[in-house]
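Asks: One-letter residues, chain by chain:
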Amino acid sequence: MTVLGAPLVNLNQHWLTTLLGIVALTLVMTLAVMFATYYERKVIARIQQRLGPMRTGAYGIMQPMADTLKLVAKEDLRPATADPVAFELAVFAIFIPAFLALIAIPYTQDWIVSPLPLSLLYLLAVSGLSFIGFLMAGWGSDSKYALLGGMRAAAQLISYEIPLILAAIGIVMITRSVDLSAIVIFQHKVPLIVWQPLGFLIFLTASIAELERQPFDIPTGESEVAGGVFIEYSGIRWSMFQLTSYVNMYVFSLLGALVFLGGWEWPFGRDVGWGYQLLLTLAKMSIFIVFYLWVRASLPRLRVDQLMSYAWKVLIPFALVQIFLNGLVLVYDLPDVALLITSGAGAAALVYFIYRSVRVKPRRPLEMVANSVAARSVV
Amino acid sequence: MTQIFFDLMAAIVILGALGVVLVRSTVYAALFLIASLMGVAGIYVLLSTEFLALVQVLIYGGAVTVLLLFALMLTKVRDLRERAPEPPQLAGAIAAALALLAGFMTMVYKTTWPRNVGQITPISFNQIGTALFNRWAVPFEIASGVLLVALVGAIVIAMQEEGER
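Protein chains in written order, with our numbering: chain X, 1 to 379; chain W, 1 to 165.
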């Protein structure tokens, strides 16, 4: 990206260019989110053998515009008994952290609004702040469903932040850097997914939970809490919640693409020019987004107790095992292949563990009646 | 420029702290506390200790305040509208607060600091890690032991509740 012929590097030296970068990112992200809703509907429709939006423009391409116009034009209602300050400000408390995360992401080698030396930690810290907004929205709406949804959202965000951070610690141990750019450059030969398959699986699962997407959409599950914190919101505020959740999806997809798939560095090296670098980053990001959509179309929602025990009894122990294995390999200076073997074995163990817990055991009819009375826990 | 940001952050910290004490709604007080802690994180950034700032956001902004908010929102604490502190209690509170302030101020002014405090000494993330795990390894281990005990205790209490049901 060039502004009037000058390359956009060293942005932090010039607060004006930084400001321009932030404005540009916000605008681009808003447009990207509009189209994320479009291709989410299209992809899920194809998975379910439907066509999805087809009427508005060719192949329904104008559908996001129509949706946005409708949402902006809707009346912004506030319940009479709601707490005005918490209710109105909750939107911003969720919205701002999501956009704060965008400034530390290296989209290409030079395209980064603010090159922070601790950008990975910054991303995780900032994205963990949105729980305040969920609690404010839940409490401020003065509705039982919203309060329950807010509590569930906060509990889920806090719980799944731990495996996410532990998986990131495994990465930091190997790359010896907390800077996303340095982590990407580290992967110029082999992407980190090869060395950290267990960490990757943990990151992937925990990121779906952090995004509160299906099958972890317990805080907003419409059949349980009728939309959760969103229940009392309408019009522009509701669409800001949606905007934020899609921005978060982009942030976590970008994070996964940069940290585990090699970002703009792998496989072509960094001399291919910013156009290819950007394409590469976005292509890898799309892999994650398609995966999130695919999971949404395929898996049923977990129960709230399953959700918690999955985080605390499965993901966190496995993440600690990953850190321990990395430590062993690094301390005894074993060859890199040892990382692949140990982490791969861990990943296989995790997959087998989940498979064993969710597989359906064949039962005789009488046993099925007896068992359906007693609640079964999956994990 | 730095001075403006420092004034801004200091204002957030002080106003947030005043809000915690003066606001009658307990949930608002918790929200003011979050704002105040975020202001402290901002001051850490100005002191070029970004790592401390991020940990402040992660631990105090995230984990600690969520406990407070959970407790307040789930237990339906009544707002303290009618119950203003009674005069003897008020006097005691003011005396205690002033004594604490005096203690902190003497501590700040009496301590001989290892480096020149007039200017910022940038300490890198790696230096903090090395110091923590080599020089201060024993206090670190003791702290982690205490946390482990607390963790096990919490699990034991939670399990007892499960059994009683």
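Treat the hints with caution; some may be incorrect.
To be verified - Short derived list, chain W residues pointing at chain X, Cβ under 8 Å:
| hint | residue |
| --- | --- |
| 1 | F70 |
| 2 | G129 |
| 3 | F133 |
Stated by the list, open to error - Covered stretches of chain W (in silico footprint by chain X; criterion: 3 or more residues with CB under 8 Å from a CB of chain X, positions within the stretch not fixed):
| hint | region |
| --- | --- |
| 4 | 25–37 |
| 5 | 51–63 |
Hints listed in this document are in silico derivations from the structure and should not be mistaken for laboratory results. Idealized CB from N, CA, C, for every residue including glycine.
Asks: Compare the structure with each hint and give your call.
Replies: Results of checking the hints against the structure:
no.: 1; hint: F70; verdict: holds (7 Å)
no.: 2; hint: G129; verdict: violated (10 Å)
no.: 3; hint: F133; verdict: violated (12 Å)
no.: 4; hint: 25–37; verdict: holds (count 4)
no.: 5; hint: 51–63; verdict: holds (count 8)
This entry does not satisfy hints 2, 3, going by the numbered hints stated previously.
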